[in-house]
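Trainee: So the chains spell out like this:
There are 2 protein chains.
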Amino acid sequence: MMNNFTWHTPTKVHFGKDQVSRLGEEAAAIGCKALLAYGGGSIKRSGLYDRALALLRESGVEVVELPGIEPNPRVASANEGARLCREHGLELIIALGGGSVLDCCKLIAAAAFYDGDAWDLVEDNSLAGRTLPIIDVMTLAATGSELDNSAVISNPALNRKMPFFCDRAWPAVSILDPTYTQTVSKWQTMCGSSDIMSHIMETYFVLGSNSISDGFCETLLRTVIENTPKALANPDDYEARAEIMWASSFGCNGLLALGNTPSCWVCHGIEHELSAFYDITHGAGLAIVTPRWLRHSLNAATAPRIAHYGERVFGLAHQDDPVAGANAAIGALVSFYRGIGLPLTLQEVGIKDDAHVGEMAEHAMRFSPFDQAFAPLTLEDVRAILMDCFKEP
Amino acid sequence: MMNNFTWHTPTKVHFGKDQVSRLGEEAAAIGCKALLAYGGGSIKRSGLYDRALALLRESGVEVVELPGIEPNPRVASANEGARLCREHGLELIIALGGGSVLDCCKLIAAAAFYDGDAWDLVEDNSLAGRTLPIIDVMTLAATGSELDNSAVISNPALNRKMPFFCDRAWPAVSILDPTYTQTVSKWQTMCGSSDIMSHIMETYFVLGSNSISDGFCETLLRTVIENTPKALANPDDYEARAEIMWASSFGCNGLLALGNTPSCWVCHGIEHELSAFYDITHGAGLAIVTPRWLRHSLNAATAPRIAHYGERVFGLAHQDDPVAGANAAIGALVSFYRGIGLPLTLQEVGIKDDAHVGEMAEHAMRFSPFDQAFAPLTLEDVRAILMDCFKEP
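Here the protein sequences line up with chains A and B, keeping their order.
For what it's worth, the working numbering labels the leading residue of the first sequence as 1, then goes sequentially.
For what it's worth, the working numbering labels the leading residue of the second sequence as 1, then goes sequentially.
Worth double-checking, as some hints may not be accurate.
The following residues of chain A were derived to be distant from chain B, with all beta-carbon distances above 10 Å [said to hold, decoys possible]:
| id | residue |
| --- | --- |
| 1 | W7 |
| 2 | G60 |
| 3 | L158 |
| 4 | P178 |
| 5 | W187 |
| 6 | L220 |
| 7 | E226 |
| 8 | E239 |
| 9 | E243 |
| 10 | H308 |
| 11 | G350 |
| 12 | D354 |
| 13 | H356 |
Stretch-level coverage of chain B by chain A, calculated; a stretch enters the list once three of its residues show a Cβ under 8 Å from a Cβ in chain A [unchecked claim]:
| id | stretch |
| --- | --- |
| 14 | 12 to 18 |
| 15 | 206 to 212 |
| 16 | 239 to 246 |
| 17 | 288 to 295 |
| 18 | 354 to 360 |
Keep in mind that the hints were calculated from the coordinates and are not lab data.
Idealized CB from N, CA, C, for every residue including glycine.
Given the sequences, and given the hints that come with them, work out the whole structure.
Mentor: See the structure below:
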């Protein structure tokens with residue numbers, strides 16, 4: 001199936017060793033006063049912070065700093081960044097870090113021109129108008145934010161975690177040096193890979209697709225599955241880190257979905273509630289939700305596709321019974337998660353009881369129309385998926 | 001292997017049925033006086049010409065026409081187009097047709113700002129400066145010109161056919177409606193598919209690659225191999241035409257090659273000489289040259305990759321002897337070409353003797369450094385490949 005589509009990926013990517021050396025010239029080509037946004041101290045330990053400051057100084061770019069952006073970035077940080085941009089008349093935003101920092105910067109880019117609470121823009125994306133240009137230097141392979149027009153923002157006061165889409169928030173330049181991901185902890189590495197795989201599976205398990213989309217998705221899933229154990233065994237394995245990082249960039253930018261029926265992003269919808277209520281790591285939550293979602297979605301209509309996925313992605317042998325093939329595929333996915341060390345139940349990430357299951361299920365249903373999903377889901381289905389997350393997969 | 005790279009694909013693509021309806025608004029967003037370039041009468045027979053004129057008129061865009069661009073576009077047409085752009089102060093170029101029309105327009109876009117013969121820009125791409133923006137409506141799936149920065153231009157006076165690369169010649173907007181390709185003849189359809197496959201194979205058979213590049217190439221090759229017989233059997237098969245058309249767009253735009261060692265584009269280098277000397281159809285020439293090139297490149301070092309290609313692309317069974325596997329893969333490629341009706345020898349395209357073989361081999365060697373190819377080639381090798389093209393494959 002090849003539905004009509006529009007494809008436009010305006011971001012320029014510099015990928016590879018020491019590509020950060022281009023930061024100064026790329027920034028200076030846009031403006032001379034920048035917001036420099038980052039999270040915790042990892043960019044200081046890795047030397048990226050000093051390097052970036054030196055390059056920007058050499059190119060005549062002044063910076064105002066916004067440190068402390070949270071792992072699940074909060075709207076308060078975006079409001080603070082927007083205030084700094086307005087107050088200092090900043091011309092561009094430089095994000096140093098992972099997807100959380102960049103996501104926050106996408107909202108800042110729009111909020112800098114919005115007179116009000118940045119959360120309004122998340123609640124109603126159409127309120128976003130002009131944006132500041134963004135350059136990012138990524139230190140983590142996970143969200144794919146470096147090559148898309150979306151962000152995920154948390155509002156702890158409301159227990160909400162919601163997407164922000166904005167076509168003017170594509171990064172102008174994304175600098176991806178896999179070397180920086182070599183210092184990422186094992187935990188963040190496995191959670192990053194889980195996030196990448198989830199983006200691809202959300203795109204792959206839809207009602208209608210085509211051979212180009214399917215093949216691209218299967219390729220990237222194989223790439224992550226093959227390289228994640230290598231990166232965990234040897235964190236300095238540049239080739240493994242590089243393949244994972246480049247795979248991550250295509251997770252959400254639309255390329256994989258072109259011509260397909262839309263995805264409902266079910267696992268992301270459900271996991272965002274887990275993160276919003278319990279602040280767990282996104283990739284860990286996805287590894288817990290995804291196998292339950294696939295089991296719950298398995299029926300006569302969907303079995304052949306899940307079985308095909310098992311053959312193409314995990315190299316499983318073809319079985320004449322597609323339901324058996326599909327169950328084997330889901331089993332292979334669970335084994336992969338287990339093999340790299342990811343948690344497989346909610347208890348393992350510290351969620352002890354089902355007190356918020358009903359509320360989370362209701363919120364998740366607002367994320368997108370789950371009745372259009374690969375296998376349509378009701379509120380009761382979502383609740384059942386969440387309850388399954390307490391049992392062994 | 002993941003070498004450093006920069007990736008930037010600024011073109012906006014509108015893909016699908018009746019996407020031409022966006023032509024007026026997209027053109028008017030750029031300017032109000034356009035060069036309208038096209039080839040022969042096919043766009044008049046298909047109704048595209050009248051539709052485009054009506055849409056442009058409605059949007060207030062005036063046009064100056066450049067008809068008659070040749071199948072292997074000639075530098076004289078580019079000079080004429082550049083003259084019209086200057087004389088009438090045109091602000092953009094609209095290409096209606098196949099890759100040849102668009103290729104010519106890319107050279108016109110640069111030549112409009114160059115005071116001299118457009119051939120100078122082909123001989124020395126660095127002479128190209130500013131360019132006019134281009135919008136294309138493609139009627140043929142083959143060259144991938146709609147999503148890249150290159151063109152191939154012929155100069156009959158010199159018996160030369162050479163590439164023109166220009167980073168400012170990416171189309172601003174490419175409109176791809178597979179419906180238009182439904183009226184393309186069987187001959188042009190099979191030659192188009194051969195061209196697409198060649199672009200991908202030139203990218204795939206290199207000294208070093210990575211799993212993302214490999215998987216994307218294999219996906220697109222399978223897509224073309226599966227859909228071309230469908231499109232030939234039923235020219236109105238929209239899904240088949242759509243998958244071929246979208247596969248064609250990724251042939252040369254760099255996405256498939258990211259991180260790999262550079263390709264020498266050997267078959268294109270050799271085939272361009274055949275087209276330059278004998279004006280044969282590019283895709284037909286490629287189908288003749290490619291199997292001989294692969295046979296000539298088969299050695300202990302390259303056999304495993306050619307064999308792997310046979311397994312992944314043609315679904316051949318694994319053989320313990322990689323040379324046997326590689327020979328089977330080349331045989332499968334020849335069978336595919338034969339099955340869809342492509343010529344397999346130079347005699348079949350009207351080249352009766354080897355009078356120009358030496359000269360063509362010498363010219364081909366100027367195309368790129370064939371000593372860096374998948375299997376390095378000398379002048380004698382290229383001559384031998386050309387001589388093999390007279391024998392049954």
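Trainee: Next step is simple, just say for each hint if it's right about the structure.
Mentor: Each hint tested on the structure:
no. : hint       : in the structure
1   : W7         : 4 Å, violated
2   : G60        : 23 Å, holds
3   : L158       : 36 Å, holds
4   : P178       : 7 Å, violated
5   : W187       : 24 Å, holds
6   : L220       : 7 Å, violated
7   : E226       : 7 Å, violated
8   : E239       : 6 Å, violated
9   : E243       : 6 Å, violated
10  : H308       : 14 Å, holds
11  : G350       : 35 Å, holds
12  : D354       : 40 Å, holds
13  : H356       : 39 Å, holds
14  : 12 to 18   : holds (count 6)
15  : 206 to 212 : holds (count 3)
16  : 239 to 246 : holds (count 4)
17  : 288 to 295 : violated (count 0)
18  : 354 to 360 : violated (count 0)
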